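Novice: Respectively, the protein sequence lines represent chains P and A. Those letters in the first sequence? Residues 1 to 448, by our numbering. Those letters in the second sequence? Residues 449 to 608, by our numbering.
Bear in mind the hints are in silico, worked out from the structure with no lab data behind them. In this text, all values refer to a predicted model and were calculated from it rather than measured experimentally. All C-beta atoms in this analysis are idealised placements derived from N, C-alpha and C, irrespective of residue type, glycine included. Possibly wrong hints are sitting among the right ones.
As the list claims (entries may be wrong) - Derived pair list, reagent style SDA-like, types lysine to any residue, alpha-carbon separation capped at 20 Å:
| # | chain 1 | residue 1 | chain 2 | residue 2 |
| --- | --- | --- | --- | --- |
| 1 | A | Lys459 | P | Glu27 |
| 2 | P | Lys99 | A | Thr540 |
| 3 | P | Lys53 | A | Lys459 |
| 4 | P | Lys99 | A | Thr534 |
| 5 | A | Lys452 | P | His90 |
| 6 | A | Lys459 | P | Leu24 |
| 7 | P | Lys53 | A | Lys452 |
| 8 | P | Lys99 | A | Val573 |
| 9 | A | Lys572 | P | Glu101 |
| 10 | P | Lys53 | A | Ile451 |
| 11 | P | Lys253 | A | Val573 |
| 12 | P | Lys99 | A | Ile451 |
| 13 | A | Lys572 | P | Glu93 |
| 14 | A | Lys572 | P | His90 |
Unchecked claim - The following label-pair restraints were derived from C-beta to C-beta distances:
| # | chain 1 | residue 1 | chain 2 | residue 2 | range |
| --- | --- | --- | --- | --- | --- |
| 15 | A | Glu562 | P | Ala89 | 47 to 57 Å |
| 16 | A | Arg455 | P | Pro154 | 51 to 61 Å |
| 17 | A | Glu562 | P | Glu442 | 34 to 44 Å |
| 18 | A | Met574 | P | Glu354 | 48 to 58 Å |
| 19 | P | Glu93 | A | Ile462 | 29 to 39 Å |
| 20 | P | Asp248 | A | Ile451 | 39 to 49 Å |
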Amino acid sequence: MFSRILIANRGEVALRIIRACRELGIESVAVYSQADSNASYLHLADERVCIGKAPSVDSYLNIPRIIAAAEIADVEAIHPGYGFLAENAHFVEVCRDCKIEFIGPSLDSMKLLGDKIRAKALAKETGVPTAPDSDGSVETIEEALDIAERIGYPVAIKAAAGGGGRGIRFVHNAASLKSMFNQAQSEAEIAFKDGTLFMEKCIENFRHIEVQLLGDRHGNVVHLYERDCSVQRRQQKVIEETPAPRLDEGLRKEICDAAVRLAAACGYYSAGTVEFMLDEENNFYFLEVNTRIQVEHPVTEMVTGIDLVKWQLRVAAGEKLPFTQDDITTRGAAIECRINAEDPANNFRPSPGEVRAFVAPGGFGVRWDSHVYQGYNIPPTYDSLVGKLIVHKPTRHEAIATTKRALDEFVIEPTKTTIPLCRRILSEQKFVAGQWDTKYIEREMMDE
Amino acid sequence: MDIKEIRRLVKLMIDNDLTEMNIVDGDQKISLKKGPNDREQGRVIVDPVIVPAAGPVVATSSAAPANGAEQKNVVDEPESDLIEITSPMVGTFYSSSSPDSDAYVSIGDTVGDETVVCIVEAMKVMNEIKAECSGRIAEICVRNAQPVEFGQVLFRLTSD
Numbered sequence: 001m002f003s004r005i006l007i008a009n010r011g012e013v014a015l016r017i018i019r020a021c022r023e024l025g026i027e028s029v030a031v032y033s034q035a036d037s038n039a040s041y042l043h044l045a046d047e048r049v050c051i052g053k054a055p056s057v058d059s060y061l062n063i064p065r066i067i068a069a070a071e072i073a074d075v076e077a078i079h080p081g082y083g084f085l086a087e088n089a090h091f092v093e094v095c096r097d098c099k100i101e102f103i104g105p106s107l108d109s110m111k112l113l114g115d116k117i118r119a120k121a122l123a124k125e126t127g128v129p130t131a132p133d134s135d136g137s138v139e140t141i142e143e144a145l146d147i148a149e150r151i152g153y154p155v156a157i158k159a160a161a162g163g164g165g166r167g168i169r170f171v172h173n174a175a176s177l178k179s180m181f182n183q184a185q186s187e188a189e190i191a192f193k194d195g196t197l198f199m200e201k202c203i204e205n206f207r208h209i210e211v212q213l214l215g216d217r218h219g220n221v222v223h224l225y226e227r228d229c230s231v232q233r234r235q236q237k238v239i240e241e242t243p244a245p246r247l248d249e250g251l252r253k254e255i256c257d258a259a260v261r262l263a264a265a266c267g268y269y270s271a272g273t274v275e276f277m278l279d280e281e282n283n284f285y286f287l288e289v290n291t292r293i294q295v296e297h298p299v300t301e302m303v304t305g306i307d308l309v310k311w312q313l314r315v316a317a318g319e320k321l322p323f324t325q326d327d328i329t330t331r332g333a334a335i336e337c338r339i340n341a342e343d344p345a346n347n348f349r350p351s352p353g354e355v356r357a358f359v360a361p362g363g364f365g366v367r368w369d370s371h372v373y374q375g376y377n378i379p380p381t382y383d384s385l386v387g388k389l390i391v392h393k394p395t396r397h398e399a400i401a402t403t404k405r406a407l408d409e410f411v412i413e414p415t416k417t418t419i420p421l422c423r424r425i426l427s428e429q430k431f432v433a434g435q436w437d438t439k440y441i442e443r444e445m446m447d448e
Numbered sequence: 449m450d451i452k453e454i455r456r457l458v459k460l461m462i463d464n465d466l467t468e469m470n471i472v473d474g475d476q477k478i479s480l481k482k483g484p485n486d487r488e489q490g491r492v493i494v495d496p497v498i499v500p501a502a503g504p505v506v507a508t509s510s511a512a513p514a515n516g517a518e519q520k521n522v523v524d525e526p527e528s529d530l531i532e533i534t535s536p537m538v539g540t541f542y543s544s545s546s547p548d549s550d551a552y553v554s555i556g557d558t559v560g561d562e563t564v565v566c567i568v569e570a571m572k573v574m575n576e577i578k579a580e581c582s583g584r585i586a587e588i589c590v591r592n593a594q595p596v597e598f599g600q601v602l603f604r605l606t607s608d
């Protein structure tokens, strides 16, 4: 096991990793930007190193500075968390060249799965269903028009190097395809340094079902069942839960097995998630693979009892998974609400600044993962996540009731948060009935 | 005695709240002294002096070298007339361009914007750090080969 690692991240996930390190007896070194210098979670790390000014490009995205910190702190490995450099293949290469272990998958599998065109090709090879697509990159408008004719509108133009809901444009007819195509290319070039595009049939009103994977470096890969992340606003997840409502056992098994097949085919290890679209006829289609730990991992941890971050550390240190697929069972239902510092009453305008009054909920089955506390100043420079409320109960019905109860206990002032949005969603009849899809909020709750 | 061992001893000092530790191990001696202030818990300043018994006799109490360098690596409140030169990167501070050369600057030296005051090494690249201000060196706040973080105070100058 490592004796000392560096955490190349901040906020909630940095704290999550520090906690896992403390439990495993690993010394943690936290890097921070000047905007985070007063954050109290830093004092839970064994060492702290300031790496730059507030902007991410000068700090959390700055590979030379992070590596320099790793060297002066003499760490054996780096945990990238999620976001920032977590899926940056170049960073993985630099770590390798500097003889620092990267806590995540192999470079090759990250590169393969990070290229959405190659990932789809692998899905097809392993018998994982995919939505009809361009079967490779699309270079010109003429090609795009032909492909759209073939697969049928509406189509999605996607950046091959994109991910996480970014770099996607939906097109409903030839006229808008013509006008959007070049724009999509330049946007991809700017955002991902790669203008390669592909096209895919739009699956309307789909549910987002994802499968948590865990693999070791001895060739073992297992799934830890699925999560339903259909409650989204502008392609960003708001509420995640497991088990996915109204998913029959046969279909659940098919989807989870497909995810494992895909992962095993590229020698995937560490934590990762395979995302699928589930249409109204219960057909599922491969969407993408996230080669990192995800924000909503606690939902899976609660029902399986398996600590995913600790397993990432153990796997990176070379340990073998001591459990087989049959050993993994789930108990009860878990729901997570992401609480962001945004004002739902004002078009989700960010609400940074000092949190003058703060009380977090508690009680049986309530887990609160957050770096925020009374007196904490939410910097405007990074994402607006305040924390994650996770509730675990024997049934979904109880989990919903407890989540509402817990949301009502929060005191977060004067910061505006998305708590009212979560509260409202949990009371929506369609949510309770498990009849949600990823476009529900935009379609039915337009005033939010 | 290697750096890993020294780090272990430092941790021992912090965990047991010691201010001074002298160890004799065969023909090697090590003297560790805790700096006068550490604002950040757990990030204690050490000035290790390894004294081989066969070498020149050096009193273990004279851990501070003659140029009066301070044993701090936390940011103090600056006195109002002192200008600070802070590290623009994370890495290892070197006071001269090579082990055999003289230090770039000493206490009392006058510097200008373009004066190279030190090197901060990161990822095997030796970066020359320029003063980017004018004044006279009043304090050298870090030791040769000390790890430094972004924004750490390296020098304090009087403006004259």
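Novice: Evaluate each hint against the coordinates.
Specialist: Right, here's what the structure says about each hint:
| no. | hint | result |
| --- | --- | --- |
| 1 | A:Lys459 - P:Glu27 | holds (11 Å) |
| 2 | P:Lys99 - A:Thr540 | holds (18 Å) |
| 3 | P:Lys53 - A:Lys459 | violated (29 Å) |
| 4 | P:Lys99 - A:Thr534 | violated (29 Å) |
| 5 | A:Lys452 - P:His90 | violated (29 Å) |
| 6 | A:Lys459 - P:Leu24 | holds (18 Å) |
| 7 | P:Lys53 - A:Lys452 | violated (30 Å) |
| 8 | P:Lys99 - A:Val573 | holds (17 Å) |
| 9 | A:Lys572 - P:Glu101 | holds (19 Å) |
| 10 | P:Lys53 - A:Ile451 | violated (29 Å) |
| 11 | P:Lys253 - A:Val573 | violated (53 Å) |
| 12 | P:Lys99 - A:Ile451 | holds (18 Å) |
| 13 | A:Lys572 - P:Glu93 | holds (17 Å) |
| 14 | A:Lys572 - P:His90 | holds (18 Å) |
| 15 | A:Glu562 - P:Ala89: 47 to 57 Å | violated (39 Å) |
| 16 | A:Arg455 - P:Pro154: 51 to 61 Å | holds (60 Å) |
| 17 | A:Glu562 - P:Glu442: 34 to 44 Å | violated (57 Å) |
| 18 | A:Met574 - P:Glu354: 48 to 58 Å | violated (42 Å) |
| 19 | P:Glu93 - A:Ile462: 29 to 39 Å | holds (36 Å) |
| 20 | P:Asp248 - A:Ile451: 39 to 49 Å | violated (59 Å) |
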